[in-house]
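Participant: Produce the complete structure using the sequences and hints provided.
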Amino acid sequence: MASDAPTADEAVRTMLLLLPRLVGRAKKLPVPERLRDFNLAPRHLSLLSYLLFDGPMTVNELAARLEVAPTTVSLMVGDLSRRGILDRTEDESDRRRTIVSIAATYRAEVEGWLAAGARAWRTALDPLTPEQRRLVIDTLRTYEREVERDWTPR
1 MASDAPTADE
11 AVRTMLLLLP
21 RLVGRAKKLP
31 VPERLRDFNL
41 APRHLSLLSY
51 LLFDGPMTVN
61 ELAARLEVAP
71 TTVSLMVGDL
81 SRRGILDRTE
91 DESDRRRTIV
101 SIAATYRAEV
111 EGWLAAGARA
121 WRTALDPLTP
131 EQRRLVIDTL
141 RTYEREVERD
151 WTPR
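Numbering follows UniProt numbering, in which position 52 of the sequence shown is assigned residue number 52; successive positions increment by one, without gaps.
Just so you know, these hints were derived from the structure itself, not from any lab. Backbone N, C-alpha and C fix where the C-beta goes; we use that ideal spot for every residue, glycine too. Some hints could be false.
Cβ pair distances, simulated, as ranges [what the hints assert, rightly or not]: (1) A104 x S3: 48 to 54 Å; (2) A104 x R13: 43 to 49 Å; (3) A41 x A11: 28 to 34 Å; (4) A108 x P6: 37 to 43 Å; (5) K28 x L125: 35 to 41 Å; (6) K28 x L140: 18 to 24 Å; (7) D138 x R13: 18 to 24 Å; (8) P130 x P30: 29 to 35 Å; (9) T89 x R65: 16 to 22 Å; (10) R141 x R82: 31 to 37 Å.
Facilitator: Given below as structure tokens:
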């Protein structure tokens, strides 16, 4: 019985052709007008995504999720808070900690910006079982790690 499942080589070919189109489409997502002058980079989009979906958190929590150094996140948060996109408030339970959140004045724009991507991923992932979703996520993480490993100077 013949299977329509691709061989590993066929799957690699398909992914090599598909990924640049996915990245290209993601880059074409229109940045909301009020955010255009801020020259936000993909790293900002990831930070804003965590704050939108998971709510306010500390710089250290953001750094752990973004898998970067806290100083890197601190610089990004400082930049975005000076621009008014993020709010920083003292943690009531520990005044040494700062809680970061999306400023109310920009929340609708950030939600709108991320909505198309979230909708597309939901459409793609909803029909899958939890195990299949885990496989997709693990596969993309492995790809990212391997590309990073191959492109990092040694």
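Participant: Evaluate the given range 28 to 34 Å for the C-beta pair formed by A41 and A11.
Facilitator: holds, 31 Å
Participant: Lying within 43 to 49 Å: is that true of the beta-carbon distance A104 to R13?
Facilitator: holds, 47 Å
Participant: Using the beta carbons of A108 and P6, state whether their distance is inside 37 to 43 Å or not.
Facilitator: holds, 42 Å
Participant: Is the distance from the Cβ of K28 to the Cβ of L125 consistent with 35 to 41 Å?
Facilitator: violated, 21 Å
Participant: Just tell me: holds or violated, for the beta carbon distance of R141 and R82 against 31 to 37 Å?
Facilitator: Since R141 and R82 have Cβ atoms about 33 Å apart, the given range 31 to 37 Å holds.
Participant: Evaluate the given range 16 to 22 Å for the C-beta pair formed by T89 and R65.
Facilitator: About 19 Å separates the Cβ atoms of T89 and R65, which means 16 to 22 Å holds.
Participant: Has the hinted range 48 to 54 Å been met by the Cβ atoms of A104 and S3?
Facilitator: holds, 53 Å
Participant: Assuming the hint says 18 to 24 Å, is it satisfied by the Cβ distance from D138 to R13 or not?
Facilitator: This hint holds: roughly 21 Å between Cβ atoms.
Participant: Would you say the C-beta atoms of P130 and P30 sit inside 29 to 35 Å of each other?
Facilitator: holds, 33 Å
Participant: Do K28 and L140 keep their Cβ atoms within the hinted range of 18 to 24 Å?
Facilitator: The hinted range 18 to 24 Å holds for K28 and L140, with Cβ atoms some 20 Å apart.
This entry does not satisfy hint 5, going by the numbered hints stated previously; all others are met.
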